[in-house]
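As they're listed, the protein sequences go chains A and B. In terms of our numbering, the numbers along the first sequence are unbroken and rise by one, the last being 668. In terms of our numbering, the numbers along the second sequence are unbroken and rise by one, the last being 668.
Among these hints, one or two may not hold up.
Intra- or inter-copy, both count: the list cannot distinguish identical chains.
[Said to hold, decoys possible] Below, simulated EDC-like cross-link-like pairs (lysine to aspartate or glutamate); rule was C-alpha separation at most 20 Å, straight line:
hint : residue 1 : residue 2
1    : Lys418    : Asp353
2    : Lys624    : Glu337
3    : Lys528    : Asp564
4    : Lys287    : Asp357
No lab work stands behind these hints: they were computed from the structure. If you're wondering where the values come from, they're calculated on a predicted model, not measured in any experiment.
Okay, here's what each chain looks like letter by letter:
There are 2 protein chains.
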Amino acid sequence: MRLPIRAVTPETESAEIVGWVHEVRDLGGLSFFLIRDRTGIIQVTIPKKKVPAEILDTARSVSRESVVRVRGTVKAIEKAPGGREIVPEELEIISTAESPLPLDVAEKVSAEMDTRLDSRFLDARKPRVRAIFFIRSAVTCAATAFLASRGCINIATPKIVAAATEGGTELFPIAYFEKEAFMNQSPQLYKQMMMAAGFEAVFEIGPIFRAEEHNTVRHLNEATSLDVEVSFADHNDVMELLEDLIVHVYDHVAKDCSEHLAELEIDLKVPSKPFPRIPYAEAIEIANKTIEEKLAFGDDLSPAAERAIGDTVGQHYFIVDWPTDIRPYYAMPYPDRPEFCKAFDLMHPRMELSSGAQRIHDHDLLVERISAKGLSPESFEFYLKPFRYGMPPHAGWGLGIERLVMTMLDLPNIREAVLFPRDRHRLMP
Amino acid sequence: MRLPIRAVTPETESAEIVGWVHEVRDLGGLSFFLIRDRTGIIQVTIPKKKVPAEILDTARSVSRESVVRVRGTVKAIEKAPGGREIVPEELEIISTAESPLPLDVAEKVSAEMDTRLDSRFLDARKPRVRAIFFIRSAVTCAATAFLASRGCINIATPKIVAAATEGGTELFPIAYFEKEAFMNQSPQLYKQMMMAAGFEAVFEIGPIFRAEEHNTVRHLNEATSLDVEVSFADHNDVMELLEDLIVHVYDHVAKDCSEHLAELEIDLKVPSKPFPRIPYAEAIEIANKTIEEKLAFGDDLSPAAERAIGDTVGQHYFIVDWPTDIRPYYAMPYPDRPEFCKAFDLMHPRMELSSGAQRIHDHDLLVERISAKGLSPESFEFYLKPFRYGMPPHAGWGLGIERLVMTMLDLPNIREAVLFPRDRHRLMP
């Protein structure tokens with residue numbers, strides 16, 4: 240029975256392990272291998288004069304990153320990783336790696352992002368890269384459990400759609416048999432329809448597709464969105480839910496992923512609730528104190544502005560009370576000052592993580608807002624119909640999983656947080 | 240504070256509820272409403288002479304399926320649903336439904352599937368329909384927790400891809416900027432690449448897209464697939480994992496979703512392990528005993544054959560030891576009898592739920608099998624490359640979530656198990 244490498248301790252007597260050859264060293268009478276599996280690294284030491292000839296032959300022929308099986312005696316040895324090594328009684332090459340490798344897994348030579356992504360299967364063998372994706376897995380699993388515990392129903396909405404969420408821009412067209420269709424930008428309209436269906440609280444973790452021309456370190460053309468929508472709730476209610484989720488997920492990662500965090504040399508601080516709520520008008524004032532290109536009321540926040548505010552606030556925060564004109568048509572205006580709306584962004588000091596709002600649930604107001612945005616209510620009929628048959632008040636948000644992971648782990652490029660990024664130029668592997 | 244309707248008991252003194260007007264009845268001096276939220280139904284009784292005039296006015300104007308808020312005194316009353324009713328002190332219409340409704344939510348008139356799907360937001364208000372999707376949510380959440388507890392890493396693989404998984408058929412083309420791309424049929428190649436990346440055990444729950452022309456009660460063009468892949472495992476190991484998952488999920492639903500199961504009048508039997516393993520050759524013999532169109536060795540199983548075998552076996556079972564020729568190129572042939580391979584299907588008595596196999600991990604054998612299928616190894620280079628740099632032995636499967644829910648809940652049409660189906664003719668809503 241194979242043991243995970245982490246389970247082999249200095250006290251273990253004998254062990255069988257499988258893994259990849261991380262390093263090979265030859266010191267005259269001794270050969271050393273480092274063998275790596277997803278749980279850790281162990282040294283295999285071959286005293287050339289003491290092992291059977293066939294083990295020596297195999298050891299001589301094995302290349303780095305080949306997959307091997309080793310069975311042998313475990314010895315405590317202070318200098319080795321984890322304070323133990325294996326002296327093999329059996330050594331089998333399960334799968335041979337060609338040389339040279341297209342990428343250095345032992346990270347002695349650092350590679351450009353494009354080179355890394357071209358050989359992502361090798362890149363992701365690096366313990367630091369693996370740590371990111373194991374943490375990402377912990378994030379999505381913890382978010383699923385948390386939202387289910389809060390009574391949210393896990394839904395799956397279609398990714399092939401006939402209409403755009405927010406007008407016709409930034410859509411990838413699909414040939415759907417004899418019809419034209421699009422890859423969905425957002426589950427927005429569908430999760431709202433599930434409020435009309437009386438589901439009351441839903442969530443989805445799934446892909447979204449945006450044909451943005453931007454090719455930056457924080458944009459992807461295919462990303463993973465965590466979407467939530469709750470009935471009989473306003474923007475304040477769902478901001479609290481979002482805040483609770485963020486804190487829960489950070490806390491879970493801090494407790495459950497300590498080895499991966501150590502691998503990344505990250506001392507994860509769990510943010511504390513409540514996050515500050517900063518009105519939009521105040522946010523641009525804060526930004527204008529330091530940024531070069533001053534913002535006027537009604538401007539969207541530039542990346543420079545986001546950084547300036549983030550530097551001032553120094554933690555997660557919400558920007559609230561946005562001008563209605565710069566938010567999507569479905570954001571609910573304040574009844575007493577309709578030039579502002581019940582929309583919010585959740586910000587990490589580095590960038591925006593999530594957008595949300597209380598939504599308009601009144602059919603006629605929604606039609607008015609769609610028209611005011613220069614869109615045609617006719618093309619939204621499938622979405623508008625539910626608003627005529629008992630749509631409850633509701634609110635929700637969408638949270639970018641890659642941005643959440645990127646900011647949590649202080650990654651410089653969003654591509655670090657997705658296994659196989661899709662961007663303006665990359666469609667492979 | 241609003242109470243969920245289920246939480247209002249005959250012992251409750253007073254309560255505020257929100258919900259949809261399920262039914263309205265007028266009996267001279269008394270008006271009755273049934274109000275429905277996602278947790279249940281409650282009767283609201285209005286003694287016309289005893290309530291304030293404004294409540295009476297509101298009650299007279301309210302239409303079925305409008306959203307209302309009711310605050311009042313709770314009285315135990317045997318004949319009412321749940322043995323209690325509310326006599327309102329406040330009654331507010333939150334959102335008015337137009338009349339007539341495009342679909343009858345109280346299910347007095349049953350509707351055609353197409354009519355139902357055209358107004359899915361109303362259809363899903365029916366307690367029976369809601370029950371299906373709340374159970375589906377329990378299934379995906381329980382599967383996520385189960386697989387995480389078994390050490391599987393939750394991954395997200397791209398849905399926009401440059402190449403087909405199994406040749407060029409049944410793909411939806413996308414215009415990806417200036418390039419042609421496709422919507423992915425299956426995470427197969429990507430989850431295998433994550434085995435090369437040393438992740439050792441992964442899972443994904445996500446959409447798959449198949450441009451099949453079939454328009455049957457068990458095909459969808461967009462479906463949800465639960466995909467698993469495990470390294471250093473063979474077909475038997477992953478069949479056990481799949482079996483454990485099925486039993487776990489059934490058990491979870493049986494325990495956690497008793498009200499939804501009652502709504503569907505389903506007495507859920509948790510299948511018992513191990514499921515029978517029936518070799519393909521034996522399976523066609525069983526089928527040929529009863530079916531009209533006899534199968535020859537090397538034929539795929541027809542729906543009639545699946546039913547015939549299912550009737551004989553009477554429970555979940557595996558079909559194993561398939562002819563290599565009728566399985567995908569990546570299925571591992573038995574070394575001692577390469578005309579058979581280590582592939583399997585998990586069957587419910589009604590239909591196939593899952594396909595899996597130990598995969599080929601040897602590069603040259605894989606190239607040979609791709610060519611033997613009439614495909615070009617050159618177009619699979621991005622997939623083949625990892626096999627040259629230390630690909631471990633691995634096995635896995637893909638499980639259709641809709642089919643799992645459909646068979647669990649004895650639904651006649653797979654469209655019952657997906658909120659917004661996409662089929663040969665349907666792209667809306």
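Taking the hints in turn, this is what the structure says about them:
Taking identical chains as interchangeable, the C-alpha atoms of Lys418 and Asp353 lie at most 20 Å apart only when they sit on different chains, with a minimum of 19 Å there against 36 Å within one chain. Taking CA atoms no more than 20 Å apart as the test, Lys624 paired with Glu337 passes between copies only; the shortest distance there is 10 Å, against 60 Å inside one copy. Neither within a single protomer nor between protomers do Lys528 and Asp564 lie at most 20 Å apart by alpha-carbon distance, with minima of 24 Å and 70 Å respectively. Taking the shortest alpha-carbon separations for Lys287 and Asp357, neither the intra-copy value of 38 Å nor the inter-copy value of 75 Å comes in at or below 20 Å.
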